[in-house]
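The listed protein sequences correspond, in order, to chains H and E.
At the far end of the first sequence sits residue 481, using full-length UniProt numbering, and the numbering has no gaps.
At the far end of the second sequence sits residue 347, using full-length UniProt numbering, and the numbering has no gaps.
Calculated from the structure, these hints are not laboratory results.
Please note that the accuracy of each hint is not assured.
Stated by the list, open to error - Here are the simulated lysine-lysine pairs, DSS-like style, with alpha carbons at most 30 Å apart:
id	chain 1	residue 1	chain 2	residue 2
1	H	Lys76	E	Lys161
2	E	Lys136	H	Lys76
3	H	Lys95	E	Lys53
4	E	Lys205	H	Lys76
5	H	Lys76	E	Lys241
6	H	Lys81	E	Lys136
7	H	Lys215	H	Lys408
8	H	Lys239	E	Lys136
9	E	Lys136	H	Lys293
10	H	Lys95	H	Lys123
11	H	Lys31	H	Lys176
12	E	Lys28	H	Lys239
13	E	Lys205	H	Lys239
14	E	Lys28	H	Lys79
15	H	Lys81	E	Lys241
16	E	Lys136	H	Lys95
17	E	Lys87	E	Lys73
18	E	Lys241	H	Lys95
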Amino acid sequence: MELEKVLEQHFGYTSFRPGQKEVIEQIVNGKDVIALLPTGMGKSLCYQLPGYIFNKPVLIISPLLSLMQDQVDQIKQLKEKRVVALNSFLNASQKKGTIQHLHQYRFIFISPEMLLQQQVQQKLISMELSLIVVDEAHCISQWGFDFRPDYLRIGEVTAKGNRPPILALSATATNKVLGDIEFYLKMNNPYTFIHSVDRPNIHIGRKMFQNREEKLDWILEHVIETEGPGIIYTQSRSKTESISERLLQMGISTAAYHGGKDPLDRQFIQQQFIDGSLEWIVATNAFGMGVHKQNVRQIIHESIPSNVANYMQEIGRAGRDGRDALAMLLFADGDDEFAKFVGMDDFPNEVHVDLYIEYRRKDELPSTMIQNGEISETAYRVLDYWMHQFHPNEVKQQLYAMKNDKMKAVEEVLQLIQTKSCMREKLVHYFGQTLMEKPSNCCECCGLEYKDIIRKREQSDYKEPTVSWRRRLENILLGFS
Amino acid sequence: MIFEQILLQIFHNFNQERTISAPFHLLKGKRSGQTIQDVGIYHLHKFFSILPKLSRQHYNDILNSLIEQQYIKVFDEGSYLLTERAKEVAKIGEGYFFNGWYYRGNEHIFFARLSLIVQSLSHQGENQMSFSPIQKDEQIQQWVRQFLVVNNYKEGHLQQKLFEEMVSSLESSNLEERAKTIVINRLAGFQTAGLTWQQISYQEKLTEMDVQLIYISTLHSWITHILNHSEKYVLLHQLAKDIRVIIPLSGSAYQTAELFRKGYSMEEISHIRRLKISTIEDHIVEIAMNDPEFSIEQFISTEDVKKVMMAVDDYNTRKLKILHEVVPHLSYFQIRLVLARGEEVGT
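Build the full structure now, drawing on both the sequences and the hints.
Shown next as structure tokens:
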């Protein structure tokens, strides 16, 4: 069978991007595959195309509800109607209907918690699948930055005797995480495709400051003098608001973006960023997934990311068009402490374990802790999972170990900040790869002239003329004639 | 500023008889007996549940600024006192139309439907039938799909029809230009993104909260206008379907209300439904509380209403037993009706 033909017929491309064909060939031959492909390199095609070769449904396990919706939308845009998302957004009757007709879909997206429900499992046993895809597979590993306890239990489903091939996808994973993926998913001697994590057109800058005020001043000056579009990543919601406010006051079209924003606002911001009417986004790590913009020229990390993998993923949103882009990592004294503190915020500790036991002893639901404001929802999920697995003392040890890992992860980012040798080399090493070639203007340590990479910002006084509400509505509904 | 005005108006209506938390619960639309009863007693139907997502933090911030500006004094146990200047500001707030009791946040469903229809039609006009829907709620998507099919969108005339209906309803619904601009700015279409709350607030030089309040107020009056002239707005009328809550009564009270509407007397209803007359009285009180248009003058004269209100004022109490001693010629039922209705009656 000619894969190129299927590619052109269903997706309108004439050639594959690096890695796609190798991965798909292995799947078609019935082999398990682990594929590490950077975001924006057409990961999803690796399971969408097989969907048209086999005449059986493809099951895609995906951790983030927002991402799932995005993927469903994208497939629908390709005029594919037989796609469905099975997640907690569905009400009881919708869910029942969907499960009943599950075998009729070509692509079934499912959240891990839904996968483990009995009615779903029963239905899955009764039908034949062509492929099981585990998206964001690094979530299965505690060494990954995004560990999701529910992911560990996917193995219960994939361990079944007569199963289709498994495709584990991720953008970033270290060797340790790769081992975990293979082990927990019970994969059978998988074919592994690893795309080089290095992105030579992203130039890695770094800057140190005495204190946070100096840092903010630098950002404001830098943004007004150099050209975007760009994203400024920071840690807290309130910081996204305050920095964007400052930039707006300077006349730079900016928006703050975080998980607490009005859902419609989030859509508008993404759309405006993509169509170019917004120059800068100031965001928490909630921004980026599912935003496909080719010409992002700058990424600035106002605060240090909680681990190297996150950092890699976030700077990877720059320069998807292949042209030069600048990633700036900023650091002021005390930032590392803050990063550790923030990292722990959504993580349970020993006190929570004791509280959990106390609630049980009083014959109350431990989840009441959330309502009483004693623990965050995310932290509770992790705690609850482990409390069902182990004895409380073991849980404490487990949490302690995980906490240590998180601290270590921040330390690793810190090394990137302190290093006097090549930053790019260090990054690539982190993922167990070797750097073959250094681009010119490689990184802050190798020597980097910002002005060679990014252009001066043209002051434009042009403002979109404001139109009356009647005209605006006319333009939208009847077109700009 | 609008938020402050509205808040002072609510405080004013509460007549210093509730704590500083009461307006918060009212705006959030708390479904507790106390809040629901207060809606009737203090005649606060319009504000019920207009800000379901209001955070306590935000509420407290505004409250503190009202204290700083000396509009309000707050005492340790949570009671408060409005200053004279506060009462003037409160009057300005009366200008904004709200009907929270009847819409209860459903105005957002109306707008979600509208925005997805507009986005779809905008793309269809450009022959771009694949796009990422701005509304992610599956139920809204299904509803809109249905709407488009039923109204034969494929013929390509729906854009013009909807445009005309929107313009004519907005123009005749007595809204300020600013209000209409805000609502239309929240729509998006082919290669046109909507504006965020922050962007609108910059444009209009208002706080985000005030922009949202104007937006909600605009939707309330727009939908009300559409429902009152449904024959004129064939399309918009469909969008407004099931948005207005039918008088929210308990099941049994609802049956009583139906019979009463048909002209049966309370005694007849008691007989038909085999319920004690006191139960029917409870129902009538509930109806009076819930439906501001339900006239209580059929049970008690305007003069007697005034007498009860005066007794409430003079003795500064709402206790039935005491009030009954002051106006012994009235029944408990009649007094309860007056209390259910609150200040507005007789004025």
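Going down the list of hints, with the structure as the test:
1. H:Lys76 x E:Lys161: Since the Cα atoms of H:Lys76 and E:Lys161 sit roughly 28 Å apart, the hinted pair holds (cutoff 30 Å).
2. E:Lys136 x H:Lys76: 13 Å, holds
3. H:Lys95 x E:Lys53: 27 Å, holds
4. E:Lys205 x H:Lys76: 40 Å, violated
5. H:Lys76 x E:Lys241: 28 Å, holds
6. H:Lys81 x E:Lys136: 16 Å, holds
7. H:Lys215 x H:Lys408: 25 Å, holds
8. H:Lys239 x E:Lys136: 28 Å, holds
9. E:Lys136 x H:Lys293: 21 Å, holds
10. H:Lys95 x H:Lys123: Holds, at about 12 Å.
11. H:Lys31 x H:Lys176: Since the Cα atoms of H:Lys31 and H:Lys176 sit roughly 22 Å apart, the hinted pair holds (cutoff 30 Å).
12. E:Lys28 x H:Lys239: 27 Å, holds
13. E:Lys205 x H:Lys239: The given pair, whose Cα atoms are some 22 Å apart, holds under the 30 Å limit.
14. E:Lys28 x H:Lys79: Violated. E:Lys28 to H:Lys79 sits at ~42 Å, over the 30 Å cutoff.
15. H:Lys81 x E:Lys241: 28 Å, holds
16. E:Lys136 x H:Lys95: 16 Å, holds
17. E:Lys87 x E:Lys73: With a Cα-Cα distance of about 13 Å, the restraint between E:Lys87 and E:Lys73 holds, given a limit of 30 Å.
18. E:Lys241 x H:Lys95: 25 Å, holds
Figure legend: structure checked against the earlier numbered hints; hints not met, in rising order: 4, 14.
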